[in-house]
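Visitor: Listed below are the residues making up each chain.
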Amino acid sequence: MSDCSDHDPNWVPYKERPEWNDVTPIPENDGPNPVVVIAHSEKFEDVYGYFRSVLQRNEKSKRALHLTKDAVELNPANYTVWQYRRDILKTLNTNLQSEFAYVESVIKQSPKNYQVWHHRRVLVEWLQDASLELELTKDALEQDPKNYHAWQHRQWVIKTFGLYSQEMEFVDILITEDVRNNSAWNQRYFVLNNHLGWSDLNVQKEICYTLEKIKFVKNNESAWNYLRGILLHDKRGLCGNAVVSSFCEDLYKNKCRSPYLLAFIIDMCDEAIKKDETNCLYNPERAIELCEALASKYDKIRTKYWNYLLERFRKCRGEQIINSNGLMDEIE
Amino acid sequence: MSFTTKDVVLKEDRPKSLLLQKHSDYLASYGLNKDDYEYCMTEYLRMSGIYWSLTAMELMDQSSRMPKEEIIEFIKSCQDSESGGISASINHDPHMLYTLSAVQVLAMYDRLDAIDVEGVVRFVASMQQEDGSFYGDKWGEVDTRFSFCAVMCLSLLHRMEDINVNKAVDFVLSCMNFDGGFGSKPGSESHAGLIYCCVGTLSICKRMDALHADELAWWLCERQLPSGGLNGRPEKLPDLCYSWWVMSSLSMLNRIHWVDKKSLEQFILACQDAETGGFSDRPGDITDPFHTLFGLAGLSLLGNTSIKAVNPTYCMPQETIDKLKLEPQILHI
Ligand SMILES: [Zn+2]
Numbered sequence: 001m002s003d004c005s006d007h008d009p010n011w012v013p014y015k016e017r018p019e020w021n022d023v024t025p026i027p028e029n030d031g032p033n034p035v036v037v038i039a040h041s042e043k044f045e046d047v048y049g050y051f052r053s054v055l056q057r058n059e060k061s062k063r064a065l066h067l068t069k070d071a072v073e074l075n076p077a078n079y080t081v082w083q084y085r086r087d088i089l090k091t092l093n094t095n096l097q098s099e100f101a102y103v104e105s106v107i108k109q110s111p112k113n114y115q116v117w118h119h120r121r122v123l124v125e126w127l128q129d130a131s132l133e134l135e136l137t138k139d140a141l142e143q144d145p146k147n148y149h150a151w152q153h154r155q156w157v158i159k160t161f162g163l164y165s166q167e168m169e170f171v172d173i174l175i176t177e178d179v180r181n182n183s184a185w186n187q188r189y190f191v192l193n194n195h196l197g198w199s200d201l202n203v204q205k206e207i208c209y210t211l212e213k214i215k216f217v218k219n220n221e222s223a224w225n226y227l228r229g230i231l232l233h234d235k236r237g238l239c240g241n242a243v244v245s246s247f248c249e250d251l252y253k254n255k256c257r258s259p260y261l262l263a264f265i266i267d268m269c270d271e272a273i274k275k276d277e278t279n280c281l282y283n284p285e286r287a288i289e290l291c292e293a294l295a296s297k298y299d300k301i302r303t304k305y306w307n308y309l310l311e312r313f314r315k316c317r318g319e320q321i322i323n324s325n326g327l328m329d330e331i332e
Numbered sequence: 001m002s003f004t005t006k007d008v009v010l011k012e013d014r015p016k017s018l019l020l021q022k023h024s025d026y027l028a029s030y031g032l033n034k035d036d037y038e039y040c041m042t043e044y045l046r047m048s049g050i051y052w053s054l055t056a057m058e059l060m061d062q063s064s065r066m067p068k069e070e071i072i073e074f075i076k077s078c079q080d081s082e083s084g085g086i087s088a089s090i091n092h093d094p095h096m097l098y099t100l101s102a103v104q105v106l107a108m109y110d111r112l113d114a115i116d117v118e119g120v121v122r123f124v125a126s127m128q129q130e131d132g133s134f135y136g137d138k139w140g141e142v143d144t145r146f147s148f149c150a151v152m153c154l155s156l157l158h159r160m161e162d163i164n165v166n167k168a169v170d171f172v173l174s175c176m177n178f179d180g181g182f183g184s185k186p187g188s189e190s191h192a193g194l195i196y197c198c199v200g201t202l203s204i205c206k207r208m209d210a211l212h213a214d215e216l217a218w219w220l221c222e223r224q225l226p227s228g229g230l231n232g233r234p235e236k237l238p239d240l241c242y243s244w245w246v247m248s249s250l251s252m253l254n255r256i257h258w259v260d261k262k263s264l265e266q267f268i269l270a271c272q273d274a275e276t277g278g279f280s281d282r283p284g285d286i287t288d289p290f291h292t293l294f295g296l297a298g299l300s301l302l303g304n305t306s307i308k309a310v311n312p313t314y315c316m317p318q319e320t321i322d323k324l325k326l327e328p329q330i331l332h333i
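Line order of the protein sequences matches chains U and D. Under full-length UniProt numbering, the first residue of the first sequence is numbered 1, with each subsequent residue one higher. Under full-length UniProt numbering, the first residue of the second sequence is numbered 1, with each subsequent residue one higher.
Possibly wrong hints are sitting among the right ones.
Claimed, not checked - Simulated pairs of lysine-lysine, DSSO-like, Cα-Cα distance not exceeding 30 Å:
1) U/Lys275 with U/Lys205
2) D/Lys6 with U/Lys112
3) U/Lys90 with D/Lys185
Said to hold, decoys possible - Which chain D residues face chain U? A few, computed with CB under 8 Å, are given here:
4) His92
5) Ser184
6) Ser227
Keep in mind the hints are simulated off the structure, nothing from the lab. Predicted, not measured: the structure shown is a model, and the values here were computed from it. For glycine and all other residues, C-beta sits at the position ideal for the given N, C-alpha and C.
Modelling step: build the complete structure from the supplied sequences, incorporating the hints.
Guide: Listed below in structure tokens is the structure:
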């Protein structure tokens with residue numbers, strides 16, 4: 001947001017501009033007090049007084065287009081200004097290439113503003129030209145690698161214009177820079193899901209990639225979540241993949257007690273129970289032991305959650321014991 | 001690269017008790033002080049500002065300090081007779097967000113008769129797309145926020161039959177991610193605010209069964225940081241408004257007891273400004289009505305009895321929801 005008590009020495013108020021003397025500004029209608037009393041700077045009052053007037057006259061002119069620029073500068077989040085600007089652009093049939101450059105400059109100043117990104121998207125749609133978008137979003141993500149608006153825009157252009165070819169490379173750079181960047185991991189999934197597909201080869205490649213990253217930083221929620229996500233596409237499930245289970249057991253043996261590792265092993269136990277494939281590694285007893293460790297030592301803030309799971313596993317252990325007793329009865 | 005968790009440290013001299021009177025004074029006089037910088041900016045979201053302030057006042061049982069008749073007149077003058085939608089302020093363009101805020105305010109005042117209800121229904125229904133999603137306005141931005149606005153708005157008006165509810169639910173479910181969370185569109189990253197919108201939509205449409213409740217609730221609990229505060233995505237700073245979005249989602253999932261209530265309460269109380277009144281996003285920052293509402297609503301969900309009960313789906317007083325005979329779904333555990 002730009003400062004509304006701006007003191008630009010070269011600024012000439014609209015009320016002093018001869019080319020605007022045919023227009024009477026409309027003051028702000030304050031609405032109910034006290035919630036909505038507004039104290040604006042003089043510049044703000046001036047620009048928006050003329051903007052309201054132009055809006056009311058429905059004037060679609062070059063000077064009105066310029067006025068919306070000043071209004072945007074004072075408040076880029078005002079969606080009415082942007083809408084009106086688009087109406088004018090359409091009416092005047094303006095050269096939209098210069099509009100591209102203009103929006104880019106506004107995005108640079110207000111990268112977290114809904115309206116600006118939306119304006120950009122409308123322009124891309126009007127011109128059916130997405131050639132600048134990957135670079136634009138790359139720049140925005142360099143400033144803030146988790147900027148939700150930039151990611152949304154990037155996903156939209158990639159999907160709409162089929163621009164997948166370089167995306168895995170881009171994602172890899174971001175993950176290498178910050179292995180905990182959840183947005184980048186999400187984008188990786190997006191490319192697999194919409195473009196590369198879940199062939200067995202791709203799934204195994206992704207597993208290896210992810211395990212490498214976990215080896216590097218073990219306590220990484222995003223990578224562990226991604227691992228679960230890709231294993232959804234592995235017919236063998238969470239615990240049927242030998243590479244994954246030996247990786248986890250090695251970490252565990254080497255005294256890694258990251259809550260994410262323990263939670264993952266618990267999920268493996270859970271899956272084994274549900275599939276009725278428990279074994280010496282994945283079974284209710286181990287799940288119970290891990291839940292207890294998390295609740296009392298490694299993830300105390302989520303004690304209630306781990307205790308909830310603990311109770312669930314106790315119940316199924318109870319059922320298992322009853323079942324096996326039942327079996328014994330039959331044998332006898 | 002940083003290997004430490006992004007979080008804040010609560011100071012020893014932070015506010016530790018609830019300063020109700022301060023907050024009521026703060027909201028009653030908000031904007032009267034001509035030096036309030038943020039006031040330069042609020043025209044474009046004024047309708048939501050009224051909703052935040054009034055709801056907060058209602059929760060404190062202080063709504064008589066708000067100029068009721070003026071507010072109702074203001075809302076009337078913001079309805080666009082052509083589209084039927086309501087705008088943030090007079091002469092602005094109608095938008096889903098402000099249409100919802102206006103309907104929420106009128107529902108609390110029990111004055112839904114003050115606007116052209118048919119117009120609102122027409123506007124909301126006209127925003128629904130073939131795939132079940134909703135636009136925010138005529139410019140066609142699609143976002144799960146607008147799905148939530150649509151069903152909240154129409155359910156408050158008892159007019160859900162005017163949209164295709166099944167399709168609306170299908171679109172929201174198409175935004176579910178591999179981690180059990182939801183984003184703004186199919187494929188967009190999971191985000192606590194958007195999870196609230198999607199879970200809220202399912203709660204109103206009574207389709208909570210479609211969620212992976214345990215998995216989603218665990219992801220939400222993972223948002224809690226050592227300070228007790230909650231963030232909106234992994235590796236982001238805690239923020240009071242995210243605390244509300246996470247807590248209300250967990251409430252609808254009937255799993256709010258999974259968060260550490262004591263430290264969360266400490267975090268929320270620490271976001272109060274003992275001098276000016278109001279709550280801010282994080283301890284020590286400037287307060288605003290938006291975070292003030294979510295601070296109070298959050299404390300209400302945590303069981304603070306000096307604040308009225310808040311409905312987690314609508315973020316409105318439970319008594320209003322009861323009066324309207326609405327029963328948004330809460331999952332059975
Ligand atoms: Zn916030």
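Visitor: Hint by hint, say whether it matches the structure.
Guide: Evaluated hints:
1. Between lysine 275 of chain U and lysine 205 of chain U the alpha-carbon distance is near 26 Å, which keeps this suggested pair within the 30 Å criterion.
2. Taken as a hint, the lysine 6 of chain D and lysine 112 of chain U pair is honoured in the structure, with Cα atoms around 20 Å apart against an allowance of 30 Å.
3. Distance check on the hinted pair: lysine 90 of chain U and lysine 185 of chain D sit about 28 Å apart at the alpha-carbon level, within 30 Å; holds.
4. At its closest, the beta carbon of histidine 92 of chain D sits 4 Å from a beta carbon of chain U; the interface hint therefore holds under the 8 Å criterion.
5. The restraint placing serine 184 of chain D at the interface with chain U holds, with a minimum CB-CB distance near 6 Å, inside the 8 Å limit.
6. Using the Cβ-Cβ criterion of 8 Å, the hint placing serine 227 of chain D at the interface with chain U is not satisfied: the shortest such distance is roughly 10 Å.
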